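*Asks:* First to last, the protein sequences are chains A and B. Each residue of the first sequence is one higher than the one before, counting from 1 in this note's numbering. Each residue of the second sequence is one higher than the one before, counting from 1 in this note's numbering.
Please keep in mind that the hints were generated in silico from the structure rather than gathered at the bench. Honestly, I wouldn't trust all of these hints.
Below, a list of computed lysine-lysine pairs in the DSS-like style, where the Cα atoms sit at most 27 Å apart [to be verified]:
no.	chain 1	residue 1	chain 2	residue 2
1	A	Lys394	A	Lys415
2	A	Lys206	A	Lys52
3	A	Lys325	B	Lys209
4	A	Lys415	B	Lys311
5	A	Lys325	B	Lys170
6	B	Lys370	B	Lys464
7	A	Lys394	A	Lys190
8	A	Lys152	A	Lys415
9	B	Lys209	B	Lys170
10	B	Lys207	B	Lys169
11	B	Lys297	B	Lys397
12	B	Lys169	A	Lys11
13	A	Lys53	B	Lys209
14	B	Lys370	B	Lys397
15	A	Lys325	B	Lys207
16	B	Lys311	B	Lys397
17	B	Lys297	B	Lys207
18	B	Lys93	A	Lys52
19	A	Lys190	A	Lys415
20	A	Lys152	B	Lys169
21	B	Lys170	B	Lys207
22	B	Lys297	B	Lys169
23	A	Lys252	A	Lys287
24	A	Lys52	B	Lys311
25	B	Lys370	B	Lys297
26	B	Lys297	B	Lys311
27	B	Lys93	A	Lys53
28	B	Lys370	B	Lys170
29	A	Lys52	A	Lys152
30	A	Lys325	B	Lys169
31	A	Lys287	A	Lys325
32	A	Lys252	A	Lys190
33	B	Lys93	A	Lys11
34	B	Lys209	B	Lys297
35	A	Lys152	A	Lys53
36	B	Lys170	A	Lys152
37	B	Lys209	B	Lys169
38	A	Lys190	A	Lys152
Predicted, not measured: the structure shown is a model, and the values here were computed from it.
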Amino acid sequence: MGYTPHTGSDKNRMLQAIGVDGVESLYGHIPQSLRERAGIGLPPGISERAVKKEMGVLAARNGTPEDCSLFLGGGIYHHFIPSTVDAIISRAEFATSYTPYQPEVSQGTLQATFEYQTLMCQLTGMEVCNAGLYDGASAVAEAVLMARRIQKRRHRVLLSRSLHPQYRAVVATYLRNMEGIEIVEVPWDKSGQSDAEFVANTMDDKTLCIVTGYPNFFGVIEDLAPMRDACNAHGALLITVTTEALSLALLKPPGEWGADIAVGEGQSLGLPMSLGGPGFGFFTCRKQFVRTMPGRLVGETVDHEGQRGFVLTLATREQHIRREKATSNICTTQSLCTLAATVFMASMGKSGMRHIAEINVARAHEARERLLREAGLTPVFDGPFFNEFVLEVKDLEPMLGRLESSRVVPGLALKQWYPELAQCLLVCVTEMNEREEIDQLVRTFTGKN
Amino acid sequence: MSGHSPEKTNHRAPRLLLFERGSPGRTAFSWPEELPSPQELIPSHLLRQEITDFPELGELEVLRHFTNLSHLNYSIEGQFYPLGSCTMKYNPKVNEAVVRLPGMAHIHPLAPLPLIQGALELLYNLERMLAEVCGMDHVTLQPAAGAQGELTGLMLIRAHMSAQGNPRKKILVPDTAHGTNPASSTLCGYEVTQVPSNNRGFLETEKVKQVMDEDVAALMITNPNTFGIFEQDIQSIAEVVHAQDGLVYMDGANMNALMGIAKPGQMGVDVLHVNLHKTFSTPHGGGGPGAGPVGVKGFLRDYLPVPRIQKGDGGFELGEDHPLSIGRVRSFLGNFGILARAYAYILALGGDGLEETSRMALLNANYIRKRLEPYYHLAFSAPCMHECVFTDRLQQKLGVTTMDIAKRLLDYGFHPPTIYFPLVVSGAIMIEPTETETPEILDSFTDAMIAIAREAKESPELVKTAPHSTPVSRLDEAGAARRLVLRWLAEDSVKTQG
Numbered sequence: 001m002g003y004t005p006h007t008g009s010d011k012n013r014m015l016q017a018i019g020v021d022g023v024e025s026l027y028g029h030i031p032q033s034l035r036e037r038a039g040i041g042l043p044p045g046i047s048e049r050a051v052k053k054e055m056g057v058l059a060a061r062n063g064t065p066e067d068c069s070l071f072l073g074g075g076i077y078h079h080f081i082p083s084t085v086d087a088i089i090s091r092a093e094f095a096t097s098y099t100p101y102q103p104e105v106s107q108g109t110l111q112a113t114f115e116y117q118t119l120m121c122q123l124t125g126m127e128v129c130n131a132g133l134y135d136g137a138s139a140v141a142e143a144v145l146m147a148r149r150i151q152k153r154r155h156r157v158l159l160s161r162s163l164h165p166q167y168r169a170v171v172a173t174y175l176r177n178m179e180g181i182e183i184v185e186v187p188w189d190k191s192g193q194s195d196a197e198f199v200a201n202t203m204d205d206k207t208l209c210i211v212t213g214y215p216n217f218f219g220v221i222e223d224l225a226p227m228r229d230a231c232n233a234h235g236a237l238l239i240t241v242t243t244e245a246l247s248l249a250l251l252k253p254p255g256e257w258g259a260d261i262a263v264g265e266g267q268s269l270g271l272p273m274s275l276g277g278p279g280f281g282f283f284t285c286r287k288q289f290v291r292t293m294p295g296r297l298v299g300e301t302v303d304h305e306g307q308r309g310f311v312l313t314l315a316t317r318e319q320h321i322r323r324e325k326a327t328s329n330i331c332t333t334q335s336l337c338t339l340a341a342t343v344f345m346a347s348m349g350k351s352g353m354r355h356i357a358e359i360n361v362a363r364a365h366e367a368r369e370r371l372l373r374e375a376g377l378t379p380v381f382d383g384p385f386f387n388e389f390v391l392e393v394k395d396l397e398p399m400l401g402r403l404e405s406s407r408v409v410p411g412l413a414l415k416q417w418y419p420e421l422a423q424c425l426l427v428c429v430t431e432m433n434e435r436e437e438i439d440q441l442v443r444t445f446t447g448k449n
Numbered sequence: 001m002s003g004h005s006p007e008k009t010n011h012r013a014p015r016l017l018l019f020e021r022g023s024p025g026r027t028a029f030s031w032p033e034e035l036p037s038p039q040e041l042i043p044s045h046l047l048r049q050e051i052t053d054f055p056e057l058g059e060l061e062v063l064r065h066f067t068n069l070s071h072l073n074y075s076i077e078g079q080f081y082p083l084g085s086c087t088m089k090y091n092p093k094v095n096e097a098v099v100r101l102p103g104m105a106h107i108h109p110l111a112p113l114p115l116i117q118g119a120l121e122l123l124y125n126l127e128r129m130l131a132e133v134c135g136m137d138h139v140t141l142q143p144a145a146g147a148q149g150e151l152t153g154l155m156l157i158r159a160h161m162s163a164q165g166n167p168r169k170k171i172l173v174p175d176t177a178h179g180t181n182p183a184s185s186t187l188c189g190y191e192v193t194q195v196p197s198n199n200r201g202f203l204e205t206e207k208v209k210q211v212m213d214e215d216v217a218a219l220m221i222t223n224p225n226t227f228g229i230f231e232q233d234i235q236s237i238a239e240v241v242h243a244q245d246g247l248v249y250m251d252g253a254n255m256n257a258l259m260g261i262a263k264p265g266q267m268g269v270d271v272l273h274v275n276l277h278k279t280f281s282t283p284h285g286g287g288g289p290g291a292g293p294v295g296v297k298g299f300l301r302d303y304l305p306v307p308r309i310q311k312g313d314g315g316f317e318l319g320e321d322h323p324l325s326i327g328r329v330r331s332f333l334g335n336f337g338i339l340a341r342a343y344a345y346i347l348a349l350g351g352d353g354l355e356e357t358s359r360m361a362l363l364n365a366n367y368i369r370k371r372l373e374p375y376y377h378l379a380f381s382a383p384c385m386h387e388c389v390f391t392d393r394l395q396q397k398l399g400v401t402t403m404d405i406a407k408r409l410l411d412y413g414f415h416p417p418t419i420y421f422p423l424v425v426s427g428a429i430m431i432e433p434t435e436t437e438t439p440e441i442l443d444s445f446t447d448a449m450i451a452i453a454r455e456a457k458e459s460p461e462l463v464k465t466a467p468h469s470t471p472v473s474r475l476d477e478a479g480a481a482r483r484l485v486l487r488w489l490a491e492d493s494v495k496t497q498g
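Generate the whole structure from the sequences, applying the supplied hints.
*Replies:* What follows is the structure, encoded as structure tokens:
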């Protein structure tokens, strides 16, 4: 099939108007040696029906929550998505529009983005939010780079070891080519929170920032007061990273803890898991830092008639104006994804957001309690948690091997990232895990399957 | 309170924000479930109060709010977008349908491998398809966008150079380049040396020779360049760069001009990125999400990001054990939902369809160029590929600028072309029609441009005060940057409604 509308007579008419005899003449100036080897060795095109069939065959080979019991989190979460979300983001006026450089014909995207920025400020308790970054991991990397711009003479970054391992990997990749930045890993204590004593002893006047998960990769809710105190004592910036954005509907928001920059992944807010993307990175900070922020910003203004309208603003930080001196090279906002989050938050509303967060807390706590009591599993951390927790399981690997064909995924084995947690499993329970699934999870460990 | 007054039917009537609608206690969400108080499970000093000023709307209210906002947007399915360098082509509906299959949408990236075999096969195949189209040996799909692809590509170059003993210091960037090229170079720790293109619109080998030395890690070239002109010296330029052991990076933003016509891999290009949201038809979404896969020649394979998708005895695997890899640039496996759309697109078109795509993109661009040439100053006379660049030189004399022409086009129901880019052309008007537009649309667009050229002569004020028929008139952008209102606040709202 094809998506070009040209008929034979269209082509003839156009070629005649241009004054050439064939389409090939339009690229006759490209060296022959290139043209003759340009053929694409792919099968010929197929019908729409055949595309659907082939994609359906691939899709059928993947396991979904419809046919599996998944207790997987680790940065991507299976949450309820109201039907309003897909109804709006499927609208071609949003899905097939361009970046809103022409504000007169982009007020839909611009106003929705302004609303997104506001909602994220409310959720995080922060003062300003940009229009969106690629994902949570690159948002952390951008946050550290921004902290470095603010703290030019400092070179040390304290990074919690309990921050998402893939996020730490992306930070390492981004910082590799920046001269002289030193990363120090902060260990956890028995609660699963970042070790406050270590932070107090390690933080110094060369430290530009400390970066912590909130909740961290183990689902543990960090008490940010000791980190804030240490930052205050040495003039370092506090950066929080939230992979489970829904938790902020219930937890004390980063802004109230005094975070300087609060970033994270927004997938939980209305986006399907989709093998981990696309979601979006949210990026919020104190207003005083706004001019050093990466990414786009939408601001309110008025038109010539005095009517309220919205535009992209502070573009002088950006690559298309500043080129090599820009604050970042980014020029996307994951706009359709932040729109999904905006519709999600508007649909859930003030009470719905909190209620769904509370369901997560209740189910996860109930599941953990039962796994300890009924299945005799061992807790690893005793700190407070949201919807994920770590348990030690005897003979974990053989057990996971046995389960591979059973379509129950009891959690995420931590060994690949944390050799010291080789027997440990990160279990995630959301509102989408029905009671029967939790029963099944418990039976998996009691062997009463 | 204005929230209760009926909105005027005039589409320039004030529009309310989410936060100015609704009523306390209202909700679009229902999930009856008795729960323990969270204070019993989490210490109260870690909990928040309710989210101040968060929306409280009913379901229809939410839908109506966003549906009405959507009406204020221009979009491909509504109208024609002649945006140069952006490739605003039709986004096929079947792609949207297939990514919503549960087996595509509801799959977890950290699930055991047997549960994601279909997805990994798709990615594995897509890597090979893109490599074939571009003439490269290997592809990574991890970068989330074109600019992240650039950064990834430069990191690969840096890793390669470092392995040879010296990362080198500079990247050569032509003056026609997208702004992301120099920005990505800086982010990768390089200095940028700008290389001028000639007055015929392309880069000459001699110019590259003058600045090429052993401090240069790579040349970053866009081909066709942002004038829509094929870099005819590309092969000899690549030889000059390679002679000093430098590498050639190609920004593949304009790949829509080249499929089946010329392969970057055969031009001497060592690394390139392509934008799936341009050439491979995934929707722009008002500014993302996109995807920026990177292709490399075989000698750079070991540096590619991890995990790499590999075919093992028991099926597809995620290979982490590549010690020379630059590491990860994104979490998980990239923007899978976008990658899957591009895969469906390539399946549908096949090799022959991709070639026809580029051919028709060229036909449409050359047709527009021919029709407008008598009325607007053409920046370069060299043959154009998939886009062409005009300027406002003729209209400037009448006091009418590119910005005015762009805004006046809105009144004719057309989105403006890309304007004032490339920066090296004064008053640039950059037009890229793409292959999915009919000649009838091209006729009505060029008719509008021709009418505006006439208006510039006969009634310049009409053009200079445009647009006249959009939901808002020209916006005060300077004021927005000065006052800096980046979020709604209850107290501001009370003040203005006072």
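*Asks:* All the hints need checking, so say for each whether the structure fits it.
*Replies:* Taking the hints in turn, this is what the structure says about them:
no.	hint	in the structure
1	A:Lys394 - A:Lys415	holds (13 Å)
2	A:Lys206 - A:Lys52	violated (57 Å)
3	A:Lys325 - B:Lys209	holds (26 Å)
4	A:Lys415 - B:Lys311	holds (23 Å)
5	A:Lys325 - B:Lys170	holds (15 Å)
6	B:Lys370 - B:Lys464	holds (26 Å)
7	A:Lys394 - A:Lys190	holds (20 Å)
8	A:Lys152 - A:Lys415	violated (37 Å)
9	B:Lys209 - B:Lys170	holds (14 Å)
10	B:Lys207 - B:Lys169	holds (19 Å)
11	B:Lys297 - B:Lys397	violated (50 Å)
12	B:Lys169 - A:Lys11	violated (49 Å)
13	A:Lys53 - B:Lys209	violated (53 Å)
14	B:Lys370 - B:Lys397	holds (23 Å)
15	A:Lys325 - B:Lys207	holds (24 Å)
16	B:Lys311 - B:Lys397	violated (63 Å)
17	B:Lys297 - B:Lys207	holds (26 Å)
18	B:Lys93 - A:Lys52	holds (11 Å)
19	A:Lys190 - A:Lys415	holds (18 Å)
20	A:Lys152 - B:Lys169	holds (21 Å)
21	B:Lys170 - B:Lys207	holds (16 Å)
22	B:Lys297 - B:Lys169	holds (22 Å)
23	A:Lys252 - A:Lys287	holds (20 Å)
24	A:Lys52 - B:Lys311	holds (24 Å)
25	B:Lys370 - B:Lys297	violated (38 Å)
26	B:Lys297 - B:Lys311	holds (20 Å)
27	B:Lys93 - A:Lys53	holds (15 Å)
28	B:Lys370 - B:Lys170	violated (40 Å)
29	A:Lys52 - A:Lys152	violated (53 Å)
30	A:Lys325 - B:Lys169	holds (16 Å)
31	A:Lys287 - A:Lys325	holds (21 Å)
32	A:Lys252 - A:Lys190	holds (22 Å)
33	B:Lys93 - A:Lys11	holds (25 Å)
34	B:Lys209 - B:Lys297	holds (23 Å)
35	A:Lys152 - A:Lys53	violated (55 Å)
36	B:Lys170 - A:Lys152	holds (23 Å)
37	B:Lys209 - B:Lys169	holds (17 Å)
38	A:Lys190 - A:Lys152	violated (35 Å)
Violated hints, in rising order: 2, 8, 11, 12, 13, 16, 25, 28, 29, 35 and 38; the structure is consistent with all others.
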